[in-house]
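Counting in the working numbering, the sequence shown runs from 1 upward without gaps.
Simulated from the structure, these hints should not be mistaken for lab results. You may find that some hints are simply not true.
[Said to hold, decoys possible] Computed spacing ranges between beta-carbons, pair by pair:
hint, residue 1, residue 2, range
1, 267, 344, 31 to 37 Å
2, 43, 349, 22 to 28 Å
3, 377, 346, 18 to 24 Å
[Unchecked claim] Subject to a maximum C-alpha distance of 20 Å in a straight line, what follows is the list of computed EDC-like cross-link-like pairs (lysine to aspartate or glutamate):
hint, residue 1, residue 2
4, 336, 286
5, 359, 194
6, 192, 373
7, 125, 142
8, 228, 216
9, 336, 309
10, 207, 194
11, 177, 142
12, 303, 347
13, 27, 40
14, 336, 355
For glycine and all other residues, C-beta sits at the position ideal for the given N, C-alpha and C.
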Amino acid sequence: MRNAAYIHIPFCEHICHYCDFNKVFLKNQPVNEYIEALLEEMRLTMKQSPIEQLRTIYIGGGTPTALSAEQLKRLFTGMREVLPMEELLEFTVEVNPDSSEEEKLTVMREAGVNRLSIGVQSFEKDLLDHIGRTHSSDSVYDAVTRSRQAGFNNISLDLMFGLPHQSVAQFIDTIEKACALGVEHISAYSLKVEEKTVFFNRQRKGKLSLPPEEDEVRMYEELQERTKAHGFTQYEISNFAKPGFESNHNLVYWKNEEYFGFGAGAHGYVNGVRHQNIGPVPKYLESLTKGELPYLREHIVTKVEQIEEAMFMGLRKLDGVDLTDLSNRYGVDLAKLYARQLNDLNERSLLSYEDNRVKLTNEGLLLANEVFEQFLAVLDEHMVKKES
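Make a model of the complete structure from these sequences and hints.
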């Protein structure tokens, strides 16, 4: 069931040192043309793969709020004309504190946006400078206040830990300040140094000072304890929500369900095929000018890959995966196929395996990637077909 859509806005007023998403500096970019191309991609896609209703939309970047209020209005109006949005459950837009003007928030609220994801990362000025962020802690407070005044009652804050020069005490301070803002959701991710970023280049030159691993583990444990003390429930490795405010859109990914991906460099998963769009904005525009979907590459997902993805994505959720449900979904006995891995990880106390439900233990959360690797490249099509 395809009832979710991700929409990518690749424009940024500043480029953060850790970001490897598809993005370009806003200045002198063909933003208006890009919006029209986005809408054309949606039209072509709906013609090729029509659906009755979308349930979730997530607009990310880049920086969606780098668009002007008029540009945002044009995007939202066009989306309403093309996409079936009458029964949306969740409509999220990423917001930069520096570009959260009242007019833009009003445009979003009037367009039906009902959830904001504000990029905070840290409340520490020196840390923000180190990672290439330009906002201040005051602008975060202002952004939340303006968002509340505009009528938003579902706000998420994005935080980061394991940053260069970051101490455990600094991250504790960030957690406490985030929780004190009274938001409904918090996402917190450890820094991963990606290629084609400023941090990657610094690391290659030996000029990137990261916290020791034990400090990063302590930061994560403090995150778990302090968010819980403030009434949040951890429902995924990196996500914490007040009751009823879990991210419905991200749950689509973690349940390995299909979704549309619109925009330069966006990824989608439709009709059993994963695709990646062309990244460079000029080439993306050129493709749609010709009336062609802007696919760079496509990959038909095999049953083995579907099973592997369902396992490691599902295990990101704190309630884990129900092997009975997945076995019915894919027509194979996963408890039998993964018997060795499940028993081994259970004995190592990295997984809890009871009543055919598998989930990460607290220790498993800290070693999640090691757990996920155990479910990759251990099956082949012959095994799955034989079991079917």
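Against the structure, the hints:
1. 267 with 344: 31 to 37 Å: Taking Cβ atoms as reference, residue 267 and residue 344 lie about 32 Å apart, which means the hint holds.
2. 43 with 349: 22 to 28 Å: violated (52 Å)
3. 377 with 346: 18 to 24 Å: holds (20 Å)
4. 336 with 286: At roughly 50 Å apart (the allowed maximum being 20 Å), residue 286 and residue 336 break the hint.
5. 359 with 194: Judged against 20 Å, a Cα distance of about 28 Å means the pair is violated.
6. 192 with 373: holds (17 Å)
7. 125 with 142: Within the cut-off at roughly 16 Å; holds.
8. 228 with 216: It holds: about 19 Å lies between the C-alpha atoms, which stays within 20 Å.
9. 336 with 309: Holds, at roughly 17 Å.
10. 207 with 194: holds (15 Å)
11. 177 with 142: holds (14 Å)
12. 303 with 347: This hinted pair is violated, its Cα atoms lying about 28 Å apart.
13. 27 with 40: violated (23 Å)
14. 336 with 355: Given pair residue 336, residue 355 holds - Cα atoms ~14 Å apart, limit 20 Å.
In summary, the numbered hints that this structure violates are 2, 4, 5, 12 and 13.
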